[in-house]
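Novice: Take the given structure of chain Y and dock chain V to it, following the hints.
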Amino acid sequence: MENTMIGKSLFTGRQVELTELDPEKDAQAISIWTKQPAFNRKFFNSTFKPRPMSEVKKKLQEMLKEADENRQAIYFAIRKINSPELIGMLWFPWVDAQHQTSSMYLSFGEREDLASLGQEALDLATYYAFMELSLHRLAVTLGADEPEWIALIEENGFLREVLRRENIFTEGHYLDEYVYALLKPEWKERQSRRS
Amino acid sequence: MKNTLFEGQLVRLVPIEPERDSRNISTWSKDSDYSRLLDISPAVMYNPKLVQNWYEKGEQHEHVFMIQTLEDDRMIGFINLGGINWAAGTGWVGIGIGDPGYRGKGYGTDAMKVLLYYAFTELNLHRIDLDVFEFNRRAIRSYEKAGFKYEGTERERIFKEDQRWDILNMGILKSDWELLQEEHFVEMKSESRVSA
Numbered sequence: 000m001e002n003t004m005i006g007k008s009l010f011t012g013r014q015v016e017l018t019e020l021d022p023e024k025d026a027q028a029i030s031i032w033t034k035q036p037a038f039n040r041k042f043f044n045s046t047f048k049p050r051p052m053s054e055v056k057k058k059l060q061e062m063l064k065e066a067d068e069n070r071q072a073i074y075f076a077i078r079k080i081n082s083p084e085l086i087g088m089l090w091f092p093w094v095d096a097q098h099q100t101s102s103m104y105l106s107f108g109e110r111e112d113l114a115s116l117g118q119e120a121l122d123l124a125t126y127y128a129f130m131e132l133s134l135h136r137l138a139v140t141l142g143a144d145e146p147e148w149i150a151l152i153e154e155n156g157f158l159r160e161v162l163r164r165e166n167i168f169t170e171g172h173y174l175d176e177y178v179y180a181l182l183k184p185e186w187k188e189r190q191s192r193r194s
Numbered sequence: 000m001k002n003t004l005f006e007g008q009l010v011r012l013v014p015i016e017p018e019r020d021s022r023n024i025s026t027w028s029k030d031s032d033y034s035r036l037l038d039i040s041p042a043v044m045y046n047p048k049l050v051q052n053w054y055e056k057g058e059q060h061e062h063v064f065m066i067q068t069l070e071d072d073r074m075i076g077f078i079n080l081g082g083i084n085w086a087a088g089t090g091w092v093g094i095g096i097g098d099p100g101y102r103g104k105g106y107g108t109d110a111m112k113v114l115l116y117y118a119f120t121e122l123n124l125h126r127i128d129l130d131v132f133e134f135n136r137r138a139i140r141s142y143e144k145a146g147f148k149y150e151g152t153e154r155e156r157i158f159k160e161d162q163r164w165d166i167l168n169m170g171i172l173k174s175d176w177e178l179l180q181e182e183h184f185v186e187m188k189s190e191s192r193v194s195a
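Just so you know, the sequences run in chain order Y and V. The letter at position 167 of the first sequence is residue 166 when you use numbering that gives the first Met the number 0, and the numbering goes up by one with no holes. The letter at position 108 of the second sequence is residue 107 when you use numbering that gives the first Met the number 0, and the numbering goes up by one with no holes.
If you're looking for bench data, these hints aren't it; they were derived computationally from the structure. For every residue, glycine included, the Cβ atom is placed at its ideal position computed from N, Cα and C. Mixed in with the good hints, there may be bad ones.
Claimed, not checked - List time: in silico EDC-like cross-link candidates among lysine to aspartate or glutamate, alpha-carbon distance up to 16 Å: (1) Lys56(V) <-> Glu18(V); (2) Lys148(V) <-> Asp175(Y); (3) Lys173(V) <-> Asp175(Y); (4) Lys183(Y) <-> Glu18(V); (5) Lys159(V) <-> Asp95(Y); (6) Lys148(V) <-> Glu165(Y); (7) Lys79(Y) <-> Glu16(Y); (8) Lys48(V) <-> Asp72(V); (9) Lys183(Y) <-> Glu153(V).
Said to hold, decoys possible - What follows is a set of in silico ranges between Cβ atoms, one per label pair, in the way DEER data are often shown: (10) Tyr126(Y) <-> Ser40(V): 24 to 30 Å; (11) Ser40(V) <-> Ile80(Y): 37 to 43 Å; (12) Ser115(Y) <-> Lys159(V): 29 to 35 Å.
As the list claims (entries may be wrong) - To be clear about the criterion: a stretch of chain Y counts as covered by chain V if any three or more of its residues have a C-beta under 8 Å from a C-beta of chain V, and this derived list gives those stretches: (13) 54-67; (14) 88-94.
Chain Y extracted, bound-state conformation:
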């Protein structure tokens, strides 16, 4: 059988790479991102408030320790190639191996990075999800306050499956929340059309 597995990096794109997270060095950038309600919602899964560096560092340490012990969650830092600066995060909070499914969170600190590097990061993320984690289904939950992500996810073939009415409360308003998903056969079909 032809060896198509060895000799390409799962983690390196043209402009960005996935690396390990470092609680000591990365807490500062993440602390700044906690001022964004959508990031805060996913990272802390609790009431919105900006978090100090010390709290972010502790949270990162706990998350990585739990991921190491339970082997269910997977976290990556997103950095520009050869740059130590954290510009985004990719994580799979619970890889459900029995059903070959997972949800995925992808975040960038800066809107400009999402616009210029989002597609490449998403390509790395979906390749890893389907070809390394061997998922059948990859889901992304997004709020109505994340229009740039919604556009990118839809352009990449994710289907809006669920509309949770008024599931988010922010700035005095209720917002809808959406579950998007891409199935492996759909992803493979798109890959073959792209190549």
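Specialist: Chain V in isolation, oriented as in the chain Y frame:
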């Protein structure tokens, strides 16, 4: 105002007593149909001591209740309101009727109605949602009767019996629920006019 917040037409919701209820919950876990309708995790059996330990530890089970029949005080299942986000006023609900003799007879629907009354009038929640497997038609009908609306389908989320199955998402807003109460009140009034 209702005299008994936790009492419906057929059932009441009562707090879990770990020692008393762990035996029932353990017995129900031996019924694989029950496990497969309740949870996507692999069906496994739990011994009573383990179940007792979960509930004695307890903070995460703050809003879990046993479902008890009004007619003979029998414990037939449980209902759990979890994942509460107090700022958004959201949460999810899970329910299981463990005693097979009480499935499909309105006991679960009645328990759900009691829970929704509690969630919306006492906890002041804004929205409750739930997941239900596509092969659990009886539950889907029950949730519709309680007022839940279909919000979408997670495609091929379950892999069991060498086959992929969908999960349906349903939700109810406080405003949906209030409208149902008004409609119910109008129905009651017109019925009493007819019978008068």
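Novice: Now, for every hint given, state plainly whether the structure supports it.
Specialist: Status of the hints after comparison with the structure:
1. Lys56(V) <-> Glu18(V): Holds, because 13 Å separates the two Cα atoms, which is no more than 16 Å.
2. Lys148(V) <-> Asp175(Y): Holds. Lys148(V) to Asp175(Y) sits at ~15 Å (cutoff 16 Å).
3. Lys173(V) <-> Asp175(Y): Given pair Lys173(V), Asp175(Y) holds - Cα atoms ~15 Å apart, limit 16 Å.
4. Lys183(Y) <-> Glu18(V): violated, 46 Å
5. Lys159(V) <-> Asp95(Y): Within the cut-off at roughly 13 Å; holds.
6. Lys148(V) <-> Glu165(Y): holds, 13 Å
7. Lys79(Y) <-> Glu16(Y): holds, 6 Å
8. Lys48(V) <-> Asp72(V): violated, 23 Å
9. Lys183(Y) <-> Glu153(V): Status holds; Cα separation ~14 Å.
10. Tyr126(Y) <-> Ser40(V): 24 to 30 Å: holds, 28 Å
11. Ser40(V) <-> Ile80(Y): 37 to 43 Å: Because 40 Å falls inside the window, the suggested range holds.
12. Ser115(Y) <-> Lys159(V): 29 to 35 Å: Between Ser115(Y) and Lys159(V), where Cβ atoms are some 42 Å apart, the hint is violated.
13. 54-67: violated (count 0)
14. 88-94: It is violated, with 0 qualifying residues against the three required.
In the structure shown, a violation is registered for the earlier hints numbered 4, 8, 12, 13, 14, in ascending order.
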